[in-house]
Amino acid sequence: MARLLPENERALAPFRAEIDALDAQMVELLARRFEVVKHVIAVKKAEGLAALLPERVEDVVEKVSAAAETKGVPPELAEKLWRVLIQWVVDYENERLG
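Numbering that gives the first Met the number 0 applies: residue 0 is where the sequence shown begins, and numbers increase by one.
No wet-lab data here; the hints were simulated from the structure.
These numbers come from a predicted model, not from an experiment.
Incorrect hints may have been included.
Claimed, not checked - The calculated lysine to any residue pairs, modelled on SDA-like cross-linking and capped at a C-alpha distance of 20 Å, are: (1) K43 / K79; (2) K79 / L52; (3) K44 / R95; (4) K79 / F33; (5) K44 / D90.
Work the whole structure out from these sequences, hints included.
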């Protein structure tokens, strides 16, 4: 149920709605990325590869940071977010590669 906003917050409502919609899209993209991770785990297991491939981590972070910068997003934010995401995925893979 939607709550009533105080008078001084009503101007934020359309922006909040847009952020909520963007958050939902981001979760959808994370779900798609996670499906790919499941396939990566299968390949790593079959090929005897480690969960952490440091050169790949740096390649991904570099690409994302550069792409962020071209879109006006602080590259430091992109780097921080992706490093957290990657570390979570590496931990997840390690649990499954055991």
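Q: Just pull the numbers of the violated hints for me, sorted ascending.
A: 1
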